[in-house]
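There are 2 protein chains.
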Amino acid sequence: MEASQFKDLNPSPRLLLGPGPSLVHPRVLRAMSTPVIGHLDPEFLALMNEVQALLRYVFQTQNELTIPISGTGSAGMEAALCNFIEPGDNVLIAVMGYFGERMVDMARRYGANVDRLDRQWGEIFDPAEIEQQLSRKKYKLLAFVHAETSTGAEQLHVKEIAAAAHKHGALVVMDCVTSLGGMPVRVDEWDVDIAYSCSQKCLSCPPGLAPLTVSPRAREVLRARKTPVANWYLDLTMVEKYWGNERTYHHTAPITMNYALREGLRIVAEEGLEARWARHRANAEALWAGLEELDLTPFVPPSYRLTPLTTCALSPRLDDVAGRKRLLDEYNIEVAGGFGPLKGKIWRIGLMGYGSRRENVTLLLAALRKLLS
Amino acid sequence: MEASQFKDLNPSPRLLLGPGPSLVHPRVLRAMSTPVIGHLDPEFLALMNEVQALLRYVFQTQNELTIPISGTGSAGMEAALCNFIEPGDNVLIAVMGYFGERMVDMARRYGANVDRLDRQWGEIFDPAEIEQQLSRKKYKLLAFVHAETSTGAEQLHVKEIAAAAHKHGALVVMDCVTSLGGMPVRVDEWDVDIAYSCSQKCLSCPPGLAPLTVSPRAREVLRARKTPVANWYLDLTMVEKYWGNERTYHHTAPITMNYALREGLRIVAEEGLEARWARHRANAEALWAGLEELDLTPFVPPSYRLTPLTTCALSPRLDDVAGRKRLLDEYNIEVAGGFGPLKGKIWRIGLMGYGSRRENVTLLLAALRKLLS
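Chains as they are written, first to last, in my numbering: chain A, 1 to 373; chain B, 374 to 746.
For reference, chain A alone in the conformation it holds in the complex (with noise of 0.2 angstroms):
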């Protein structure tokens, strides 16, 4: 092995303007740079009730099963399914893009009979047509997404549909991947359940772990199962005890990645919920304008539109890999393009984060009139 052919890492400066990873905060970059300690050291079980307690102000909610999932959203989405689900339950799930998809594929690999409702990818559900599919079956689980990544759009009327849900007897399950720490997201009083998200998008922290959070009801369901999780690694009924009180050991902790959410988290409180949303939506504002005047009309209608991920139509005269190829090489700009349906039809730029900033959407707005030039 010659180990010289490996050279220093010296990655491109990057503006991360994609659904995510998006741009880390410098004081998350330099947290990860703290010395290790154990998973077991009582300095780091103090740091771990410190995420608790400010991954519960960012969910807004007193969940007391409130952690951080090692593994990236994905994990955490598996998470909220696998542990509620036994073979043969019922399980309905709203799909209105990929990560709904991507729902019903994990659940049906627990055993879960899916039903789905559809609706095209850049539309969202009335809450209406849900409950009345919630009233001719018996579900165990609902299962939707807050804020579909593959299209920009947001599911609205989240309390009514979780209203519905617990009429009729269903937990409720909500992706809130790219809304968590850059638009409301409002656990408690919208009444979800289990709600998860991830470490890279409006949190500013790399990827590798998964906000996730678990209501006292949804608790009651976990404890009465009749067979045991089927995934080890995600399973709550251990992980539970390492984060509450018993301190077990289940899996050693990604000692790092904590630093970076704690620190991620940190800025969030500093800067406040309100304040952050705010600054996610007038800056998004900004893109939204600049892109009409590119005649890049944004995809989805300013009703139900993500403030931190924008999908925009891509007009004849940007062609989709050519455009980003230019964008990434001539700017080191990165956003993302479209994908399923959608592949060659949009762009996702997200403003996330610490990459929600004023001066970012005025130089990609500049970086893409000189593409259209």
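Worth flagging that the hints you see were computed from the coordinates, not collected in a lab. Accuracy of the hints is not assured; some may be wrong.
Said to hold, decoys possible - Reference listing, derived: stretches of chain B covered by chain A, where coverage requires no fewer than 3 residues with Cβ under 8 angstroms from a Cβ of chain A:
#, region
1, 377-385
2, 599-609
3, 629-642
4, 659-669
As the list claims (entries may be wrong) - A short, non-exhaustive set of chain A residues, derived as facing chain B with CB atoms under 8 angstroms:
#, residue
5, VAL36
6, GLY38
7, GLU50
8, THR72
9, PRO254
10, ILE255
Note that the structure is predicted; figures quoted are calculated from it, not measured. Where a beta carbon is used, it is the ideal one built from N, C-alpha and C, also for glycine.
Fit chain B to the known structure of chain A by using the hints.
Same frame as chain A, but now just chain B:
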């Protein structure tokens, strides 16, 4: 939320001499403060290729499918099992400590009919004993732990065990969580089909990634599955497409942890595996001699004693919990106790990766001498 209650991150400068996490190399800490790039950025794809090449070196394998799983070592164990087990498969697990037990638990969750062979904690298996059981019944998979972190014992004769398994048509899964990078692990020479490890022991990185390697023989078994892998996040039929030529998005790779792993592996390559193994042995031998002098007798006989992790019997003059608390509080040194049948009977002392240095041995022995005086 009163943000000021969360102070600047400032952990005590621990000397991590437990079973992991071990001391992180300063170069790895620095690599982790490198700004993040996208998981589909051409520069990140190039870095993935480098990580794979370096992992092949440390595993001593040519296996194409050699990757870091996006979770801690336990996720590596689960990936090594869930991808190759279908409901009803016969699986044989050789258990000689806690991590063998964990394999049994995991394999059962995936529907395997698990037979187990047992050795007392601290002992190892005779290959003949394993072959005898393999000849009695047709198994799809044999799994065992190379370096038992709960006992400090090395399972010897891996090559013979693997040959017996293949003779009887079984795949071989080997846990090398505590051995990889610190003592000989020769995946190809030993003909092991699936091996996995972690980032936070002899590779001197923080916890968060699990190196995994899969032989062509095992990949055929994966391709021939009749049922989908029950675990979405760890499903290698999808993960291999992101790490392979297709680069199909599965989950967002933990970018910073991959920066860390690349740097940790680069340091391994610079030192060279043989030199690194010799360093671990030399420092372990110095530790053993010092422990003998203090009447803290190593628990495992020299012929199959691990070098990265030493277990020692406690003397009546050294209380387990109080002694470890004093080491931590007075000297900032972390070592670990035993658990399961070895709780209160042994300590576990790691000299792993960057932590395997003469000065650490000297300091620990001097501190122990004070405690015992």
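Structure-based check of each hint:
| no. | hint | in the structure |
| --- | --- | --- |
| 1 | 377-385 | holds (count 4) |
| 2 | 599-609 | holds (count 7) |
| 3 | 629-642 | holds (count 8) |
| 4 | 659-669 | violated (count 0) |
| 5 | VAL36 | 5 angstroms, holds |
| 6 | GLY38 | 5 angstroms, holds |
| 7 | GLU50 | 6 angstroms, holds |
| 8 | THR72 | 5 angstroms, holds |
| 9 | PRO254 | 4 angstroms, holds |
| 10 | ILE255 | 5 angstroms, holds |
Hint 4 alone, counting from the list given before, is not met by this structure.
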